[in-house]
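Chains as they are written, first to last, in this note's numbering: chain X, 1 to 630; chain D, 631 to 863.
Calculated from the structure, these hints are not laboratory results. None of these values were measured; they are calculated from a predicted model. Among the hints, a few may not be true.
Straight-line distance between alpha carbons at most 25 Å, and here's what the computed DMTMM-like set of lysine to aspartate or glutamate pairs gives [unchecked claim]:
1) Lys614/X - Glu506/X
2) Lys745/D - Glu687/D
3) Lys567/X - Glu97/X
4) Lys301/X - Glu720/D
5) Lys301/X - Glu588/X
6) Lys810/D - Glu653/D
7) Lys301/X - Glu653/D
8) Lys193/X - Glu653/D
9) Lys635/D - Glu713/D
10) Lys301/X - Glu758/D
11) Lys838/D - Asp714/D
12) Lys389/X - Asp348/X
What follows is a set of in silico ranges between Cβ atoms, one per label pair, in the way DEER data are often shown [claimed, not checked]:
13) Arg759/D - Ile138/X: 52 to 58 Å
14) Arg142/X - Asp744/D: 57 to 63 Å
15) Arg665/D - Thr322/X: 31 to 37 Å
16) Lys193/X - Ser740/D: 22 to 28 Å
17) Val293/X - Ser740/D: 49 to 55 Å
18) Arg693/D - Leu87/X: 27 to 33 Å
19) Ala135/X - Arg759/D: 47 to 53 Å
20) Asp714/D - Ala481/X: 28 to 34 Å
Ideal placement from N, C-alpha and C gives every residue a C-beta, glycine not left out.
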Amino acid sequence: MTFASIIIQLLNGLAAAASLFLVSAGLSLIFGVTRIVNFAHGSLYMLGLYGAYTLIEALGRTPLGFWTSVVLSALAVGLVGVLIEVLVLRRIYRAPELFQLLATFAVVLVIKDIALFTWGAEDLVGPRAPGLSMAVEILGRRIPAYDLLLIAIGPVVLLVMWLLLTRTRWGALVRAATQDREMVGALGVDQAKLFTSVFFVGSVLAGLGGALQIPREPANLELDLSVIADAFVVTVVGGLGSIGGAFLAAMLIGVAKAFCIGVGTVNWFGAEIVFSKLTLVVEFLIMAIVLVVRPFGLLGKPQAAQRIAADPAPPLTVPSWTFVLVGLALLLAVPVAADRYVTILLTDIFCFALFAVSLHFIMGPAGMVSFGHAAYFGLGAYAAGLLMKRAGLPMEAALVLAPLVVGAFAVVYGWFCVRLSGVYLAMLTLAFAQISWSIVFQWDSFTGGSNGLFGVWPSAWLAGKTAYYYLALAFCGAGVALLWRVLFSPFGYALRAGRDSPLRAEAIGIDLRAYQWMAFVLVGALAGLAGAVYAFSKGSISPSTISIAQSTDGLIMVLLGGVETLKGPLAGAAIFTWLRDEVARRTEFWRGVMGVVILAIVLLFPQGLVGGLKALTQRWREAQSREKTA
Amino acid sequence: MLLVKDLHAYYGRAHILHGVSLEASAGDVVALLGRNGAGKSTVMKTIMGLVSAARGEVTFDGRRIERLPPYRIARLGLGYVPEDRRIFTELSVMENLAVGLQPPRAGAPSWTEDKLFALFPNLANMRERPGGRMSGGEQQMLTIARTLMGNPRCVLLDEPSEGLAPIIVEQMARSIHALKGEGLCVLLSEQNLHFSQAVADRAYIIEKGQIRFGGSMAELTADASLREQYLSV
């Protein structure tokens, strides 16, 4: 690599990093103050990009029109952020953190469909920046002038943010609230207004990040989740809540990716896949190294526990035998009594129920929230498919071996994950899922790439829908039973002890990290089993089984049902799968409808459906007993 | 000025306050005495709205406040100084003060940074120092100064002498006298009887979430058995 090409790659990287920095800074700021991981932050970026496109079309492709559009779009996105805060999040600040997360997932769904409705499914290619469409010659290479401008914008925004945070009272309030928002309230500061303002600023940053990309990348509906994944990586590498860290991390990752592409250019044509593979590996490697060396990111600090009087999770109750036996009897009778459609739908539900129960195990009792649980589900599906198609194993062997393969992946992923906790852990799991997804997506010759695998059918004796229904019930039921049983074993108690008080658990001799690692592997293997059963029920496997959307579906199922009960995830998986099926048959905008339904549930039942029902029945019982005593 | 009537509060399911009643008027320094875990801090937090009142009334300046959120209570002119100080460690002294700032209030002394530095001279020498790099005594002064920036008419001081060196405790006592001189109403919780005797006019004794004694400091000083029963360790 010549000196000139090094400089060029450096500039490329810095230009790409600008938007990444903006969106990550906004995410970090919002998280710091509100403790909400705003999954919808990528959606705000996407809206910024779409908004700029539409505004430029309206205002004209002149320099004035272009820059007015960029600014207006960013401000409009800021207002969308305010709307989200005021209409949704403000009502649930006292709800458990995970429920706030669920609300932001719902917002992602709603925004995606609003974008689909407004701008359609086609990618929209924006204009070059008027007046800046030329290229500047540097060391004999041509660099778009607009890229140079982007390189300048990053530090300027960093400076502005720094001044805002350190030189204004608003900044002092934001930093104070990041540490102890209750105390800030006791000093007479209206938190609601502060939060709204923080949401505005954070959303403007995301919107600006998106709008500035209009000459560089087409507006499309996939941006929301891909951007949030990148922003998570940047925030984790930089340190949550640190704007400077976000800047550093964005630059580091942007430049490293650019260099990978630069190195890959040795083989210009046909080698495209290799570059992007390398860029992903590099992003991941940076994150893995940083997190192992500095678990709170480059410039992050250990998270101060926010003083919120959260009640500890109540003890779990064992589902009664009556529940289990009656449930099993009913399910066994289904193929006899119901039609084919119900049988197929229930087969799906079994797979997702095991998926949800395994996710619940790790995020509830084990206390490790996973944003990337689809990694194990999807890898299970692919392992089963590949063992059969590429290794030539019989279907039965593939189905049984697939969970073991996934368990091996979980050994590796888990080793990193259990070194972290809280949001850092959650984001790392997401990163692993993204990496798994991209490898599967890009390795055409082995995994079938974006097309996926076809002809993954069960053996003849299981080919009937009814036969497969019983197989799915047996395998998934056994998986659920195993996980539930483990929860009430000493191992399960140790995990729960570790969740409630890591210090005390270690003080009585529990090697918490080892236990958590084992839990990761167990849960990964069983999610893999769910994926394998799912794969053979469909006959084909698509990369979407590993996608972020699949991971968030799992989270929605668990949170919808309620994370504090064992039956919650079952109910959540059943309701979600059924509802999605019903809604998707009626409207193209099923995501938006689901989003609205979830929002309604979040606002009405902040403890999840099963938790909410429990609370309702308890209130009813108390009222009854009061009447009796009165 | 501050009137608490039959206050009940819970932490989760644990019933902490069982009908606490007390009052404090302008220019009055009132001590709330009791052993560890008697409920002193909970009284303060419940008055401030940080713990929700399950039953009972809190009246401040003729207004019922037990259902208001903490920031509204603070804006009515009731200041709160927490037991564990809760300094913003990343913020400098000046920034900590800025967070506490509220507009001047009729009928309450108006504080400025300079006036506060006169009251707590140590702070004047470390305006730009981050809160996390201050000693316990300095942090205690800062947390009081920060609350005073809100120009309160009444302050709740939760264990102001706790963990401080004797010389700092003396300084703290002088500061509380100064607040009384400004006409503030002060309700302080204490385990340190000597300190309370030095600063307070009246006293309440709380045990197991109930008020066991209310009267003048002189009465309490005269009654050895009362002290023996509720305060000796």
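- Query: In ascending order, which of the hints set out earlier in this document are inconsistent with the structure?
  - Reply: 1, 2, 5, 7, 8, 13, 15, 20
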